[in-house]
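There are 2 protein chains.
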Amino acid sequence: MEVETEPDDKVLRGFAGYGLKRAWLAVHSELTSALERFDLKLITYSALALIVANPGLRPSQLAELLALERSNLVGFLDQLEKSGLIRRSASRVDRRAQVLTATDAGREVCRKATEAIARSEEAMLGQVTQAERSVLTGALRKIETAAARLREE
Amino acid sequence: MEVETEPDDKVLRGFAGYGLKRAWLAVHSELTSALERFDLKLITYSALALIVANPGLRPSQLAELLALERSNLVGFLDQLEKSGLIRRSASRVDRRAQVLTATDAGREVCRKATEAIARSEEAMLGQVTQAERSVLTGALRKIETAAARLREE
DNA sequence: CAAAAATAGTTATGTAATGTAATTAAATGC
DNA sequence: GCATTTAATTACATTACATAACTATTTTTG
Numbered sequence: 007m008e009v010e011t012e013p014d015d016k017v018l019r020g021f022a023g024y025g026l027k028r029a030w031l032a033v034h035s036e037l038t039s040a041l042e043r044f045d046l047k048l049i050t051y052s053a054l055a056l057i058v059a060n061p062g063l064r065p066s067q068l069a070e071l072l073a074l075e076r077s078n079l080v081g082f083l084d085q086l087e088k089s090g091l092i093r094r095s096a097s098r099v100d101r102r103a104q105v106l107t108a109t110d111a112g113r114e115v116c117r118k119a120t121e122a123i124a125r126s127e128e129a130m131l132g133q134v135t136q137a138e139r140s141v142l143t144g145a146l147r148k149i150e151t152a153a154a155r156l157r158e159e
Numbered sequence: 007m008e009v010e011t012e013p014d015d016k017v018l019r020g021f022a023g024y025g026l027k028r029a030w031l032a033v034h035s036e037l038t039s040a041l042e043r044f045d046l047k048l049i050t051y052s053a054l055a056l057i058v059a060n061p062g063l064r065p066s067q068l069a070e071l072l073a074l075e076r077s078n079l080v081g082f083l084d085q086l087e088k089s090g091l092i093r094r095s096a097s098r099v100d101r102r103a104q105v106l107t108a109t110d111a112g113r114e115v116c117r118k119a120t121e122a123i124a125r126s127e128e129a130m131l132g133q134v135t136q137a138e139r140s141v142l143t144g145a146l147r148k149i150e151t152a153a154a155r156l157r158e159e
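Protein chains in written order, with the numbering used here: chain A, 7 to 159; chain B, 7 to 159.
FYI, nobody ran anything at the bench for these hints, they're computed from the structure.
Any given hint might turn out to be false.
As the list makes no split between identical chains, a pair holds if one copy fits it or if it spans any two.
Claimed, not checked - Mimicking BS3-like on lysine-lysine, the simulated pairs with C-alpha atoms at most 27 Å apart in a straight line are: (1) K118 - K16; (2) K47 - K16; (3) K88 - K148; (4) K148 - K16.
Here the structure is a predicted model, which is why all the values come from computation and not from measurement.
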């Protein structure tokens, strides 16, 4: 006999990759909206936060930290510079290199944006206990490392 | 005195969103490469797997399950159909709708691709215990739900 | 029952993230 | 000193994803 069952995605839910994508998509959307009023995107916020936390950082180091191609970083730094949040200055030890620093405005925007992000995160992680968060973070880190290792083989 | 410290992304690692993005990016890259030899992308594999698991599924239901716009699904179904992995047939209860079914070849490719994915997942999750995986999956699900709820407000 | 609203699949179009290749200038290594 | 490497950039292609509009139906409703 025909049993009409509701279609579902159980077969995919067994894969961590699927859950990861679903969660990331939803989180990305929420965080993007949280950063809208600061005229920041997730990637420009990340760059700004790292420049604030690591004054004197060079673009190539930043690209390395954020795991993105140097060529892709250029435009994002352009945006941050045009908004007056960071400065690109010449390195005195390597004339090819630049030195990135946040402006006062950049540090201020970073502080406020970080608060907004933290609020969004709290709203999204509200049902996740501290113990679970710690497992989550650790597992994500392990997965990232293992996946990256697989890729570079 | 100047203490030259290595630049790092500690400030961002505190956010679940950052870890999520990093992990997803690495996992996406690995899974994409694992599916390459089947001429499948992550999204077409997902669609195929859901059609195999839910015979008779309609495109709009599939889009709903995969959380993507119907318009974006069209091209992916085109690819699967052109590869002979699925069939689109007319619904007999609703002349607007289509009914999706996998072909024999589709089921076979799905089976093999699923094995490949499972192997990749095992390699990526090797250092994550079963208990941790269970927490991970649950936490991702909670986060996805909470983030989606925030978005639709 | 006829008109209005909603739904299914599609097409067209725009945006954003990411990757690759090539260029220029400077530094490094042999 | 010359070949190689590195830093930042430019140009370009690809892919994922969102939005709006269109056609053919079905459903709702007055």
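Intra/inter-copy verdict for K148 and K16 if alpha-carbon distance must be at most 27 Å: both (25 Å within a copy, 16 Å between copies)
Within, between, both or neither: K47, K16 at alpha-carbon 27 Å: Classified as between; 19 Å across copies, 33 Å inside a copy.
Identical-chain pair category, K88 with K148, by Cα at 27 Å: neither (37 Å within a copy, 38 Å between copies)
Within, between, both or neither, where K118 and K16 count as close if Cα-Cα is 27 Å or less: between (40 Å within a copy, 18 Å between copies)
Hint compliance for this structure: hint 3 alone is broken.
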